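> What follows is each chain in one-letter form.
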Amino acid sequence: MENDTVYSAISKYNQDKTRLMDILIEIQDNENYISDDAVRIISEKLELSIVDVEQTISFYHFLSKKSLGKYTIYLNNSVISNMNGRQIVAETFENEVGCKFGKVTEDGTIGLFDTACIGMSDQEPAALINGNVFIHLTPFRVKEIVRDIRAGKDVKNMHTSYLGGGQNKSEYLKSVVRNNIMRMGPVLSDDYNPGTIIKKKLVQLAPEQVIEEIKTSNIRGRGGAGFPTGFKWEFCRKAKGDKKYILCNADEGEPGTFKDRVILTERPKLLFEGMVIAGYSIGATEGILYLRYEYKYLKNYLENILEETRGKNLLGKDIGGIKGFNFDIRIQLGAGAYVCGEESALIESVEGKRGEPRDRPPFPVEKGYNDCPTVVNNVETLCSVVKIMLNGGEWYSSLGTHESTGTKVLSISGDCRYPGIYEVEWGLTISDILDMVGATGVQAIQVGGPSGSLIGPEEFERKLCYSDLVTGGSFIIFNYNRDLLKNVVLNFTDFFIEESCGSCVPCRAMTPLLKQKLEKILSGNGVANDLEDILKWGKLMKTNRCGLGHTAANPILTSLKNFRYLYEEKLERGKEYETGFNLEQAVSESCEATTRVPNF
Amino acid sequence: MADIINFTIDGKECMAEKGIFILQAAKENDIYIPSLCNYEGVKPQGSCRICSIKTNGQFVTACTTPVADGMEIENNTDEINDMRKSIIELLFVEGNHFCPACEMSGDCELQALAYRFQMMVPRFIYQFPLREIDARHPKILKDQNRCIRCKRCIRTIKDEKGRSVFAFYGRGKNIEVNVDPVLGSKLTDKLAAKAIEVCPVGSILPREKGFRTPIGQRKFDHEPIGSEYKH
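Order-wise, the sequence lines are chains A and B. Letter by letter, the first sequence follows residues 1 to 600 in the numbering used here. Letter by letter, the second sequence follows residues 1 to 231 in the numbering used here.
Chain B on its own, in the form it takes in the complex:
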């Protein structure tokens, strides 16, 4: 039998299998830690930083840090919630996210987090960067305006030889996620569907098919993101 360890989240006693990541351990104890770049079943990367929690006075990402025996975790505090809200606002101002015109509105995790954290207007100045839509590929569109560079597609979508279909280009504030010109044109239906599915926002979309889910039936139309958790 696996080692079971004890830890606390905001003072609540929790138990989990030793060595699993804090995000998973919280989930098993029915505690919500918001996350965005994380995708179940894919190796975590810790790039959005929204799941940051505090332990020993230090911020660490819950998706990449293993839970340890006796760990005291701060999660749902004013400081941490404001930090998370700031990061969501940063994502809104660094890209071009116009929800009313986006077909993923209601299905978008970034938008859902903004609602959950009650973002009215970002405290930061909109940057309005010039970004393009890459429509060179037969099965998918890549809208750079909406990309939050979470790397979900980069980490998930590989061809049979393990080669990347999506990859970063550049660095710093100008970083983009590019689609491979060769592999992008040969993308199978299955992989294309997977790429669209893993994208948390409306940056990877199917071609020739718009507004797939009617308003009212979208993921976050009725309840905020994270509502399935008790705490």
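This is chain A alone, in the form it adopts within the complex:
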């Protein structure tokens, strides 16, 4: 490894400990691993211990101390990817490349790795190769890609022949990603002239008046938790602190969600204006967009737009002519950790640390980034804010239902005719949505992603709203050909086991035990008591600290609640107790080592 890369990354970020993530990502991207030497140099320059540096590296999926290959291929292994033919794509990769997943070729050229949902559920199977997105993969396409790699082509030039729609075509993006916007509402609509609110409205309003308008709209956080945005801003405005921050959560890691990707591609100016409005309201001078590593391909494009926005005086000093209102935005990349979508974990990550959720209180509005009052808002929330300021809080609250006002952007994927992005008013029933997207013969829907619930046809008249079925936007449809327990629930459970930060005992230790129960049932060795155990043990998850911990058993618990017959079908009847222990299997490893054959 070139130590020059290490030194230049460190000096680029001014030897600042809180920029450790950026330093590590820079080295990883340039050298495809972070060597012992690099760790030692960083620890010396940043005055950290070696284990301090390594605890951050080892936390994030995309950072590695081992070489991941000159071309690092991350193939998505989400449920949707599997449903769309991932297996044959993966096999073709292994055959063409000549190594298994999880390994790097002997010459160090190509590494094959699995990765969780990369936000492309409407165009799976998809992969990231050195940060570039490849969609709609087929064996044919895989062979082509591997051939290009062997020929030493630059990844950026491997797909110029068929660029995606909208801004994906633009000079700074040049990506093949499709937008698939199927339905626009007031948030996604393209009739807004960016900067209008800053220049025409913000000038005339006091921060408190803006907050009042947001409160009138009754908008709640669109990330899933649903905290009223106006109150969050008000708490932060009133909190004591010399410096305040707006953090935008663009870490949409919930499998099946991809709406923020489309918003970031098509409406980035709307988002940045929303951040400016939020900054003005709470009295912040700095905003940070926390962009998930999977969306790194958007970074240059977004930075270019930030530059353009500064040029129009919509960012920077005396914004929009408002004397003394200074505010700017920087982009912080994540490095692959679902839990960083939790706001306090996100803050830890922005500070360059492991993304472990914090204990609350104190809440981020009092003590957040760098211990300063901080608002963390979802991408969609901040975009909605601009439209609320444009048309008024009253107007916004007239949309949707009485307690769930406004619209919601849904990411719909799975077994339906038209997967993509739909902006709808709150209050639609599940049946309405299925009709809208052309889905028939539906066995089940995962509402709100793996952390939400798996529901069946008897619940399709339920409504999408905060008092009934709440969602951060992920909506995955399964028809009757899908094996829900084996192919859906097990995959989601593996996802949570992989993504647990490991801090709370029940999250770290119970989820794998529940998975073992599920596997026992799937193998035909389950008995009725196993179902009772799952229900009893699952209650322990409520003692975990964060949302991930609270919901990590949801795939198993909600499927057991709503699809109990699928479990019961697989149970051994009339048996009180069954260990599921298989002696032959248990001794197979030692038999192999001693070249003996099991003989019972």
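Since the hints were made in silico from the structure, they are not lab data. Computed from a predicted structure; not experimentally measured. We treat Cβ as the ideally placed atom computed from N, Cα and C, and that holds for glycine. Among the clues, some could well be false.
Said to hold, decoys possible - Taking lysine-lysine pairs in the DSS-like style, the calculated list, with each CA pair at most 25 Å apart, reads:
hint: 1; chain 1: B; residue 1: Lys54; chain 2: A; residue 2: Lys536
hint: 2; chain 1: A; residue 1: Lys215; chain 2: A; residue 2: Lys199
hint: 3; chain 1: B; residue 1: Lys54; chain 2: A; residue 2: Lys353
hint: 4; chain 1: B; residue 1: Lys18; chain 2: A; residue 2: Lys238
hint: 5; chain 1: B; residue 1: Lys219; chain 2: A; residue 2: Lys542
hint: 6; chain 1: A; residue 1: Lys17; chain 2: B; residue 2: Lys43
hint: 7; chain 1: B; residue 1: Lys173; chain 2: A; residue 2: Lys520
hint: 8; chain 1: B; residue 1: Lys85; chain 2: A; residue 2: Lys45
hint: 9; chain 1: A; residue 1: Lys353; chain 2: B; residue 2: Lys173
hint: 10; chain 1: A; residue 1: Lys367; chain 2: B; residue 2: Lys18
hint: 11; chain 1: A; residue 1: Lys486; chain 2: B; residue 2: Lys186
hint: 12; chain 1: B; residue 1: Lys85; chain 2: A; residue 2: Lys17
hint: 13; chain 1: A; residue 1: Lys542; chain 2: B; residue 2: Lys173
hint: 14; chain 1: B; residue 1: Lys230; chain 2: B; residue 2: Lys186
hint: 15; chain 1: A; residue 1: Lys66; chain 2: B; residue 2: Lys173
hint: 16; chain 1: B; residue 1: Lys43; chain 2: A; residue 2: Lys367
hint: 17; chain 1: A; residue 1: Lys536; chain 2: B; residue 2: Lys161
hint: 18; chain 1: B; residue 1: Lys173; chain 2: A; residue 2: Lys12
hint: 19; chain 1: A; residue 1: Lys536; chain 2: B; residue 2: Lys18
hint: 20; chain 1: A; residue 1: Lys17; chain 2: B; residue 2: Lys186
hint: 21; chain 1: A; residue 1: Lys542; chain 2: B; residue 2: Lys43
hint: 22; chain 1: A; residue 1: Lys542; chain 2: B; residue 2: Lys85
hint: 23; chain 1: B; residue 1: Lys190; chain 2: A; residue 2: Lys353
hint: 24; chain 1: A; residue 1: Lys240; chain 2: B; residue 2: Lys161
hint: 25; chain 1: A; residue 1: Lys45; chain 2: B; residue 2: Lys173
hint: 26; chain 1: A; residue 1: Lys65; chain 2: B; residue 2: Lys173
hint: 27; chain 1: B; residue 1: Lys85; chain 2: A; residue 2: Lys539
hint: 28; chain 1: B; residue 1: Lys54; chain 2: A; residue 2: Lys45
hint: 29; chain 1: B; residue 1: Lys158; chain 2: A; residue 2: Lys515
hint: 30; chain 1: B; residue 1: Lys173; chain 2: A; residue 2: Lys103
hint: 31; chain 1: A; residue 1: Lys539; chain 2: B; residue 2: Lys54
hint: 32; chain 1: A; residue 1: Lys539; chain 2: B; residue 2: Lys173
hint: 33; chain 1: B; residue 1: Lys230; chain 2: A; residue 2: Lys100
hint: 34; chain 1: B; residue 1: Lys43; chain 2: A; residue 2: Lys240
Stated by the list, open to error - Simulated restraints on C-beta separations:
hint: 35; chain 1: B; residue 1: Glu74; chain 2: A; residue 2: Glu569; range: 31 to 41 Å
hint: 36; chain 1: B; residue 1: Arg123; chain 2: A; residue 2: Glu569; range: 22 to 32 Å
hint: 37; chain 1: B; residue 1: Glu74; chain 2: A; residue 2: Lys317; range: 31 to 41 Å
hint: 38; chain 1: B; residue 1: Asp189; chain 2: A; residue 2: Ser67; range: 35 to 45 Å
hint: 39; chain 1: B; residue 1: Phe128; chain 2: A; residue 2: Lys66; range: 21 to 31 Å
Since the structure of chain A is provided, determine the placement of chain B on it from the hints.
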């Protein structure tokens, strides 16, 4: 004078200074809330979850939640005690804790809690993970088999520049507590002793000194953990 507030634990009227953590407030009212990852004098972290209590129908950790006026706390109930017992059992099955062969037997807080909650055999399947013993450091041994990842050592043991001697490595079920190769080799006697002292189990041990306290004189040999509390 500080604000004094009123609250209840399992219906018992209590008083405490406003803003202190529930665990401390309970202690001042002579009520035992079991804890494990918490260590007096060190910023609480709420990672073992054993001190979870219920208020307003929600579980929160007593070590990190400030007590509030009028708070009604559930602590010593069947539901909560079984939850605590489950967590202790989880810790036993996720690691490799063989008490008879461990020199901290009798001084171990995990073992003591298991006795207090009358764990006979865990309800969960033993995972028997493959873990290692890190013997690279001159003053201490780090036995990963017995580590319960409570972060006490991580939070307590820092060098003069505030750098961590212990830190997490990895995440999820494979998370481990690693010792810094450089700082670990330069550990002072005082810090090494402190690291051994803060470890609630037998995961951090002194080198070249075994079985320091004879059986019969160990912390929990005569009375269960928490016996100093009236309630």
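> So, for every hint listed, does it hold in this structure?
Structure-based check of each hint:
For the hint pairing Lys54 of chain B with Lys536 of chain A, the CA-to-CA distance comes to about 18 Å; that is within 25 Å, so the pair holds. Proposed proximity of Lys215 of chain A and Lys199 of chain A is supported: the alpha carbons are some 22 Å apart, at most 25 Å. Only pairs whose Cα atoms come within 25 Å are accepted, and Lys54 of chain B paired with Lys353 of chain A is rejected, the gap being roughly 31 Å. A hinted pair counts as satisfied when its Cα atoms are at most 25 Å apart, and Lys18 of chain B with Lys238 of chain A qualifies at roughly 22 Å.
Distance hint between Lys219 of chain B and Lys542 of chain A is unfulfilled; the C-alpha atoms sit about 32 Å from each other, more than 25 Å. Restraint check for Lys17 of chain A and Lys43 of chain B: satisfied, since their Cα atoms lie roughly 21 Å apart, inside the 25 Å limit. At most 25 Å may separate the alpha-carbon atoms for a hinted pair to count; Lys173 of chain B and Lys520 of chain A meet this at roughly 20 Å. Straight-line distance between C-alpha atoms of Lys85 of chain B and Lys45 of chain A comes to about 46 Å, which puts the hinted pair past the 25 Å bound.
For the given pair, Lys353 of chain A sits about 19 Å from Lys173 of chain B by alpha-carbon distance, which is consistent with the 25 Å threshold. Simply put, Lys367 of chain A and Lys18 of chain B have alpha-carbon atoms about 19 Å apart, close enough for the 25 Å limit, and the pair holds. Taking the CA atoms of Lys486 of chain A and Lys186 of chain B, the gap is near 51 Å; set against the 25 Å cutoff, the hint is violated. At most 25 Å may separate the alpha-carbon atoms for a hinted pair to count; Lys85 of chain B and Lys17 of chain A exceed this at roughly 40 Å.
For the hint pairing Lys542 of chain A with Lys173 of chain B, the CA-to-CA distance comes to about 18 Å; that is within 25 Å, so the pair holds. Proximity of Lys230 of chain B to Lys186 of chain B is assessed by CA-CA distance (about 44 Å); at most 25 Å being required, the pair is judged violated. Note on Lys66 of chain A and Lys173 of chain B: the hinted pairing holds, with a Cα-Cα distance of about 21 Å set against a maximum of 25 Å. A C-alpha spacing of about 16 Å is found between Lys43 of chain B and Lys367 of chain A, which places the hinted pair at or below 25 Å, so the restraint holds.
Note on Lys536 of chain A and Lys161 of chain B: the hinted pairing is violated, with a Cα-Cα distance of about 47 Å set against a maximum of 25 Å. Between Lys173 of chain B and Lys12 of chain A the CA atoms are separated by roughly 35 Å; this puts the pair beyond 25 Å, and the hint is violated. For the proposed pair Lys536 of chain A and Lys18 of chain B, the alpha carbon gap of about 36 Å is over 25 Å, so the pair is violated. For the given pair, Lys17 of chain A sits about 23 Å from Lys186 of chain B by alpha-carbon distance, which is consistent with the 25 Å threshold.
Simply put, Lys542 of chain A and Lys43 of chain B have alpha-carbon atoms about 23 Å apart, close enough for the 25 Å limit, and the pair holds. Straight-line distance between C-alpha atoms of Lys542 of chain A and Lys85 of chain B comes to about 15 Å, which keeps the hinted pair within the 25 Å bound. Of the pairs offered as hints, the one joining Lys190 of chain B and Lys353 of chain A is violated, with about 28 Å between alpha carbons and a cut-off of 25 Å exceeded. As the CA atoms of Lys240 of chain A and Lys161 of chain B are separated by approximately 29 Å, the hinted pair breaks the 25 Å bound.
A C-alpha spacing of about 32 Å is found between Lys45 of chain A and Lys173 of chain B, which places the hinted pair above 25 Å, so the restraint is violated. For the proposed pair Lys65 of chain A and Lys173 of chain B, the alpha carbon gap of about 20 Å is at most 25 Å, so the pair holds. Among the hinted pairs, Lys85 of chain B with Lys539 of chain A is consistent with the structure: their alpha-carbon atoms are about 13 Å apart, no more than 25 Å. Proposed proximity of Lys54 of chain B and Lys45 of chain A is contradicted: the alpha carbons are some 46 Å apart, above 25 Å.
The straight-line distance between the Cα atoms of Lys158 of chain B and Lys515 of chain A is roughly 38 Å, outside the 25 Å bound, and the hint therefore fails. Between Lys173 of chain B and Lys103 of chain A the CA atoms are separated by roughly 22 Å; this keeps the pair inside 25 Å, and the hint holds. With a CA separation close to 13 Å, the supplied pair Lys539 of chain A and Lys54 of chain B stays within the 25 Å bound. Among the hinted pairs, Lys539 of chain A with Lys173 of chain B is consistent with the structure: their alpha-carbon atoms are about 19 Å apart, no more than 25 Å.
Distance check on the hinted pair: Lys230 of chain B and Lys100 of chain A sit about 61 Å apart at the alpha-carbon level, beyond 25 Å; violated. Between the alpha carbons of Lys43 of chain B and Lys240 of chain A the distance comes to roughly 22 Å, so the proposed pair stays at or under 25 Å and holds. Evaluation of the 31 to 41 Å hint for Glu74 of chain B and Glu569 of chain A yields a pass: the beta carbon distance comes to about 39 Å. Between Arg123 of chain B and Glu569 of chain A, the C-beta spacing of about 26 Å keeps the proposed range 22 to 32 Å intact.
Under the hint 31 to 41 Å, the C-beta atoms of Glu74 of chain B and Lys317 of chain A, about 54 Å apart, miss the expected range. Between Asp189 of chain B and Ser67 of chain A, the C-beta spacing of about 40 Å keeps the proposed range 35 to 45 Å intact. The beta-carbon spacing between Phe128 of chain B and Lys66 of chain A, approximately 26 Å, falls within the hinted interval of 21 to 31 Å.
Hints 3, 5, 8, 11, 12, 14, 17, 18, 19, 23, 24, 25, 28, 29, 33 and 37, counting from the list given before, are not met by this structure.
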